[in-house]
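Participant: Residue numbers (my numbering), protein chains in the order written: chain H, 8 to 663; chain B, 188 to 725.
Take the hints with a grain of salt, since some may be wrong.
[Unchecked claim] Residues from chain B that keep clear of chain H, each with C-beta distances beyond 12 Å, as calculated:
id, residue
1, Glu204
2, Ala357
3, Ala387
4, His448
5, Gln509
6, Thr550
7, Asp687
[Said to hold, decoys possible] Footprint (simulated), chain B over chain H, 3 or more residues, beta carbon under 8 Å:
id, region
8, 11-18
9, 58-72
10, 272-284
11, 302-311
No lab work stands behind these hints, which were simulated from the structure alone. A quick note: this is a predicted structure, and the numbers were derived from the prediction, not measured. We put the CB at the ideal spot given by N, CA and C, even for glycine.
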Amino acid sequence: MITPYERFKRGWTVFWGTTYTCEVAPVEEYLLSKLSETNLSATLLADLTCVDEALAAVEPGRLRRLGKDYVLRPVPWRSGVFHPKTYLFGNQHGGVLLVGSGNAGLSGLMRGRELFSEFTATSTSAAPEIGAWARWMEQFLHVQGDPLIAGRWAELLARLPWLRASQEGSAFVTNWEVPLVDQLINAGGSAVDELHVSAPFFDPDVAALEFLLEAARPRLVHVFVGQDAEIDGAKLTDLIDGAAIPIKIFSFQPEHFVRGKLYALIRGHGGVVLHGSPNCSRSALLRKADKGNVEAAVLTSGPAERLRDLFAPPGMSSSELGPAAVRKLTFSLSASGDDERCKLLRAELQPEGNLSVAFFPPSQDELWVQPVGIDKSLRLTQRQVIAAPSIGTVMLGLTQDTLTHDTVMVVLVNQAGEPISNRVALDDPRGLQLALRPAETGTVADKGFDDSDLDPELVEVLNDLRARCAFDVPGAKRRTVERAVVGAAVGDAAFWEGLGPIDLKKRTKRQVGHFYGHIDEESIFAQLHAMLLEAPSVPTLRVISRAAETSEDNIEEDEEQEGRPAHSWSDQARKRVRVRNVLHKWFRSVADPQLREFDPDLCLFELPRDVARPYQIVVRRRPNEAARTRGSRFPLGNTLDGPGRRAQSHRAARRS
Amino acid sequence: LAADDAATWSMAVGWPEWLDPRASRVKDGRDPLALETITTDRIVPILVPGILALSTRARYLSFHLFLLDEYARRKLPPDPVTLGNFIRRREFEFAAAVLLCERCKSRPVGVRETEPKLRAAGSVLERGESVDSSAGGYGLYYRSPLTDLGLVAIQGSQMGDRITPIDLIASERGRQMASTFREQIVSTEYYRNYFMGNDAIPLVVLRDYSEKCCLCRLDESQNERQLLYSALLEPQDGLDDRQVEARGRAFGMFLRLVDMHPLVARSQSEFRRATWTALANLKEWEGSWGRAVGQWAALHGKEYLQEALRLIWAQVNNLGRQAMPRGGFPLQTYMDLVGERLILEGECDFGLGSIIHSRAMRTAEFADQVLTIGKGTDLEDILTWAHKCKSPALGGISLLILLHDRAQVAKNAPVGSGWRQIAGINGAYQPGLLSFLQRFEQQFDRRVDDLLQWMVRSRILRPHDQIATAKLPDFTFRFRLEGSRLRFYGNAGLFFPLADSRHGALSELSADLGLWESLGEVPRVTTLGHDLIKTVFA
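With the sequences and hints as input, model every part of the structure.
Facilitator: Structure follows, in structure tokens:
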């Protein structure tokens, strides 16, 4: 058995996935959070319609990292859907490729009845399936014509030199050039002894299954269905009645939705099996990608008994359905009509703050880009039409106005403000670029400081804050680092001879526990807390957790985990990192779009995008209200310093 | 498929594997709305630092110091495993002695393990252990308070140029406390002949031991009690004065409320009621009393908020479980259902009156009815009304409306006041009392169903989805968004209690310290207790 979610772990510098649906919140908050937070290239391609539905269901404020740390790119596919479920994890030393039936999310990677194959690579050799996957992805990206994704792919290739492996003998198959059913029949032959099929979705007229029967000409057919399988019992009965061979239908017990898809051809003592993304439908199984879905699978072989065993998910058995039960099977999906809406492919934040978008079909109507959750929309002015291989023509547009509020997703709207497109994540190419860098240089605040900026008193305050407060509460690390009792004379009876006084003042926070009362009683914390109270609902200031207390240890530990020696930081570097961390966390907290959810009118924050002035935070009551009329302009340096330290702080602010 | 010889077939590269269904453990999960954690992790450590929910008996502090001292005096192996074994055995014998006490009915740490063994014992008790944890009840309940009180230095502390390999008494005061306990039991047969060793202990020896060591005998050991009082409530070099001050304020507040409303000593409910009565009568926010009342009223206000949301949570789950279609709900479909099913047109009893309701009613109109019915009734009784309301969602909304109304007395509490300090504490996934009430108030112009949908979406659905996601890979979801569909799961329990706000600890510790006593059945603050009140609120 396999546990795909456990492949999400620190140490990888690349994650590249393809999926049909995407559970955006758990993907971001759980799966991607298990990967490194910096020096990571994470990209997920998912079907455009599914991305739209998923983004519509999640509250935009919840997604903190989307478009900033990773890319979720919707894929439009005119002849069908984008359906492959493949996940690549890697670093320069090697990697893992998963190919299977599970979509990106808890259902697909953790809890569902799903099937996967795993292929591995080292720095010197990679499974041919990985080479074949890379070749397929290149072909796919070529027709997509998406500059940002193409750039990330190039970055990925640079990070994973082993990716260009030979694909000879690969078991990885797609329908890019040849329909999957042809590849299956080609490998398994015709006139086989047995055909076994398990899938959750069939055609309304069971056409693909019928085609399989004709092509494989088996002597015996077993079809397995789980709970809620979409298959028309009447049509299936017709097929059974009209066939010259025995067709038996089995249902999995206990009842559970089974998403794993399996197609096995058996002859004698062995056979072949195809598994992966394709359902038993025309678009998935019988057609090439340019006429159907985009699908990916694995075609392999094995002993007959083991092939038959595959059709029993762990903890489940199967029982044959009688004719009456077969007739009761239903196909309830209604044919989805053509989506007439404009297809918004991507939206990117430009360095000046305006937005660029790409969509099709081209339109000369007046259009606006609407940040989801924010009233103000931005008019599209500059437009041009370009050719895109898989789509035809795509219109590019640029807003004249700049985005004034942090936002996670956007949609196109017409003059009346009505949405006319799907939603997409707003990508921040600059943030994404920074996320690719190692931790030491990975965040914006770094650029705002050099050693001359480090006012000692400011550093003192920041160190204090850094040591005692966590600003990004939900994102705070919860890992614990066990400290070794270095130098302890465990078990040594001679210890008692030299007992001396214990200095209570030297006890660490871990040893004395934590007292949270200081937060409002010290002027620094009182001021920060007052700011937070006035502004957001969450997060609040709080003392850093016991686990997070040793965050600097964590950094060094991470490096060790990656096989590098622990880094010895200079005092200056350590101070700089602390300053950066405090301000970075502060920025992220007050700029957090989640805060807006509590009260769209009341809690709007505008951070200067000029990262060279990190002391300035502007808090506005309402979006259109000028900041200075409220008098709510908080120079962060002053706030941190408190009374009596302003002069130094101002000097530091001027310098930076 | 040319080969037809069984021996030639093997599983080739890429053989598929099913997902391991055991990988995600399904658990009930505590605190499904991330509300208890605000009390436990953020508020209580400010209000009552150094006191845990189960560190409720004062004499356990000196007993455990005594054990550490004995361990050191006997120069037993300085390793934590041996120390843990030593403590667990002595705790078992101590628990047996407490259970044999004829003066009280105290329930010692490890009572569940000890009681049956004691009952099964004839005339002697075989040696044993009562708490299945590496350092016994000491490690679970008392090590942390003893450390916070500066009495114990835990393993890994700095001692000169060395690091301590085990927990040690850290201060002279700690050693004195150990000595005072020893003085009480030094003459017992138990201490002289059974404290070490493996022989079974005659029950008569344990009874004799109980007459000296029992939790209830602290009043016969005045020096020990004085030292305990001092450790908990008096400043000490090396400790944070603010912690001592905060503890003093908590004990002082509790005792003053007991003095005004004696039932506060025994009832958490009465404690909440008295706190809010004190808030309503508060004259000024300045000073120790104003700070204490503001802090505790804010904590209890947050608990009323939690109960209101819990009522709505339960109905929201039940609705989802009963009405979920195949494949789950589109989110908007479910939200529409919430508006339609949870607020029907009609009339429901609420306390001494009834409320006419319909989904299209303005919240302000609904609130007027609730305020009229609730006039003159305190929040504790209103909580009971809400629990009894046939429509839990309406009961919850009504409780919130009255909580918002009663909280108006603190509307002008200044920044830095106890009220604003505690009511302003937010959680990672839920707002605190101030933030919630501020936003709740802004919904009054909307329809009642809009208000409910707002609360369900922002305070039920999203926080639960987030907190359960944070607990992965344990699967604690009662519902979650699977892509674009909202899916409800199983029949896991929907009740979750209020977090411990240390009422039990404050009550028992202060009784042990002689700060209040029972006169007949009526709790009464003692002279010592009044002295503490005067000191704290001077």
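Participant: Hints first: check each against the structure and report whether it holds.
Facilitator: Do the hints match the structure? See the list:
For Glu204 of chain B, the non-interface assignment is contradicted: its Cβ lies about 4 Å from the closest Cβ of chain H, within the 12 Å cut-off. Annotated as non-interface, Ala357 of chain B brings its C-beta within 12 Å of a C-beta of chain H; the closest such distance is 5 Å. The Cβ of Ala387 of chain B sits about 29 Å from the closest Cβ of chain H, beyond the 12 Å cut-off, so the non-interface label holds. Under the 12 Å C-beta cut-off, the non-interface status given to His448 of chain B relative to chain H holds; the minimum distance is some 27 Å.
Gln509 of chain B, annotated as away from the interface, keeps every beta carbon of chain H farther than 12 Å; the closest lies near 19 Å. For Thr550 of chain B, the condition that its CB be more than 12 Å from all CB atoms of chain H holds, with the nearest at approximately 16 Å. Listed as outside the interface, Asp687 of chain B is consistent with that label: its C-beta sits roughly 17 Å from the nearest C-beta of chain H, beyond the 12 Å cut-off. Only when three residues or more bring their CB closer than 8 Å to a CB of chain B does the claim for the region 11-18 of chain H stand; here the count is 3, and the claim holds.
Coverage of the region 58-72 of chain H by chain B holds [criterion: at least 3 residues with CB-CB distance below 8 Å; count 7]. Closer than 8 Å: that is the beta-carbon criterion, and the region 272-284 of chain H has 9 residues meeting it against chain B, so the requirement of 3 holds. For a cut-off of 8 Å, the count of residues in the region 302-311 of chain H with a CB near a CB of chain B stands at 7, and the three-residue condition holds.
Of the numbered hints given earlier, the model fails hints 1, 2; all others are met.
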